[in-house]
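Trainee: Protein sequence lines, in the order shown, are assigned to chains A and B. Each residue of the first sequence is one higher than the one before, counting from 1 in the working numbering. Each residue of the second sequence is one higher than the one before, counting from 1001 in the working numbering.
Treat the hints with care, as some may be off.
[Said to hold, decoys possible] Residues from chain B shown here face chain A by an in silico Cβ test under 7 Å; the list is partial:
1. 1059
2. 1195
3. 1202
4. 1203
[What the hints assert, rightly or not] A few chain A positions that, by computed beta-carbon distances, are all more than 10 Å from chain B:
5. 11
6. 13
7. 28
8. 39
9. 132
10. 154
Quick caveat, the hints were computed from the structure, so don't treat them as lab data. Here a beta-carbon is modelled for each residue, glycine too, at the ideal position from N, C-alpha and C.
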Amino acid sequence: MAEGTGIQISELDPKFKYELRKVHGAEKITICFQCGTCTAGCPIARFSDVYRPRRILRMAQLGLRSRLLSSEFIWLCASCFTCVDRCPQDVDIAGILRTLKNLAAEEGYLPPVYRELASNIMKTGLAYRIPELRLKRREQMGLPPLPKANLEVVRRLTEVTGFSRLIQAGGE
Amino acid sequence: MSELKYLLFLGCAIPYRVTSYEISARKVAQRLGIEFVDMPEYNCCGLPVEPISYEGMLILAARNLCVAEQQELNLVTLCPGCASTLKKANKTLKEDQKLREKINGYLKEVGLEFKGTIEVKHLVHVLVEDVGFERIKEAVKKPLTGLKVAEHNGCHLLRPSKIIGFDDPENPLMLKRLVEATGATAVDYMDKTQCCGAPIVGVNEKIPLQLALDKLRNVRAAGADAMVTVCPFCHMMFDMNQPRIERMFNEKFGIPVLHYPQLLGLAMGLTPEELAMRELRVKPSRILELIK
């Protein structure tokens, strides 16, 4: 939410918090009492003008669904879990951020880097495409060969969880 | 003494870019009597998929856990990202019956079932909990006396503490004690537990580079000769990116960043060549002189 941007009542989805509450990791969204311990200790907030975990949780409680899901800042959580360990209300803040990102991905908002990593996993089993030369080099350095992942299994699992659909949706 | 035998989960980043970590870890493990059995086959731990789909992460992790269960061995990783993802999936699926049934429904499609019979550890957890400081000290043949080392724990080795259950994330002492076991002096510095920023490099480079700059400044201010990491991503932030940070911010650091097994290996009397120290971006020549 940009500074100085007013909130329109029509933007609020009062049921959003209940939708979140059903998801594993986001159950405690409604008990955040806005103390700000998360933002105070957040390494990203320290160097970012837009990333504020407390504000994100408040926006979620208010039901600013589309502003959150279309925002770039939800992708700035580094998942260091400092806030999770410190929250006096035991809110899994990183779990809530993950839930927001998952919902955003379902709506087609996915930063290209994640599409690339996920597509690498589907094609090779690993998040990075390791060049042949490097695979040869590791053996020259005395390391055992890197096993090839069973792609049939990986592909099947990404299909049955509906995860492959999220990667293809939105297109390359 | 229990058998120190583990299934080694290499993950993606280490074989992709940080081979020196793997080489030194294997050498040091051998000296300590740790047996690494290589995974017959594996896929990504699931971490990069978690922002896209929680279930996608769980299924990729669970599939690796199933491979380990079939081998009847506990998993050890060198990457804390893999360790924390696999630990999280393992713990969640052991405790949440409903979720386990759902995930097992998917796994059935490929003839697998998560049973929850193994444990997951990071190398540092193994060194502290299973090998023990005494045995590590006994293996030190060439104490690194006088060398000042700033250790960087990283996040996933310690947090979220409910899942990892290791050390005190607000005042971590285990890696520090591992550094001291080599005979080196562990130096304290400001914001020691601050994240390296690597996980968001793909969406925003500016913030992680500022975090890394901040860390390097604090390490330099403490008078450290070198830094030590136990994570391929933290290592890339501080070693691989260091020349770039120096150019961007017009500041000189020249701080060598060693993988902990390299530091321990030197103290065990292994040579810099054996520990693949040539692979480091910031050349460690000055510290090699210091410990001669």
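Trainee: Find the nearest Cβ of chain B to the Cβ of residue 154 of chain A and say whether that gap is larger than 10 Å.
Mentor: Violated, because the least Cβ-Cβ distance between residue 154 of chain A and chain B comes to about 5 Å, which does not exceed 10 Å.
Trainee: Far enough from chain B: is every CB of that chain over 10 Å from the CB of residue 28 of chain A?
Mentor: About 13 Å separates residue 28 of chain A from the closest Cβ of chain B, which puts it past 10 Å; holds.
Trainee: Regarding the hint that residue 1203 of chain B lies at the interface with chain A, is the smallest CB-CB distance below 7 Å?
Mentor: holds (5 Å)
Trainee: Evaluate the condition: distance from the CB of residue 11 of chain A to the nearest CB of chain B exceeds 10 Å.
Mentor: Non-interface label on residue 11 of chain A holds, nearest chain B Cβ at 24 Å vs cutoff 10 Å.
Trainee: Does the interface hint hold: is residue 1195 of chain B within less than 7 Å of chain A, judged Cβ to Cβ?
Mentor: holds (4 Å)
Trainee: Taking the shortest Cβ-to-Cβ distance between residue 132 of chain A and chain B, state whether it exceeds 10 Å.
Mentor: Non-interface label stands for residue 132 of chain A: nearest chain B Cβ at 12 Å, farther than 10 Å.
Trainee: So, residue 1202 of chain B near chain A? Judge it on the closest CB pair being under 7 Å.
Mentor: Cβ of residue 1202 of chain B sits 3 Å from chain A, so the hint holds.
Trainee: Would you check whether residue 1059 of chain B satisfies its interface hint, that is, whether its CB is within less than 7 Å of any CB in chain A?
Mentor: holds (5 Å)
Trainee: So residue 13 of chain A supposedly isn't at the interface. Is its beta-carbon more than 10 Å from every beta-carbon in chain B?
Mentor: holds (21 Å)
Trainee: Over 10 Å from every CB of chain B: does residue 39 of chain A meet that, or does the non-interface label fail?
Mentor: holds (15 Å)
Taken one by one, the earlier hints fail for this structure only at number 10.
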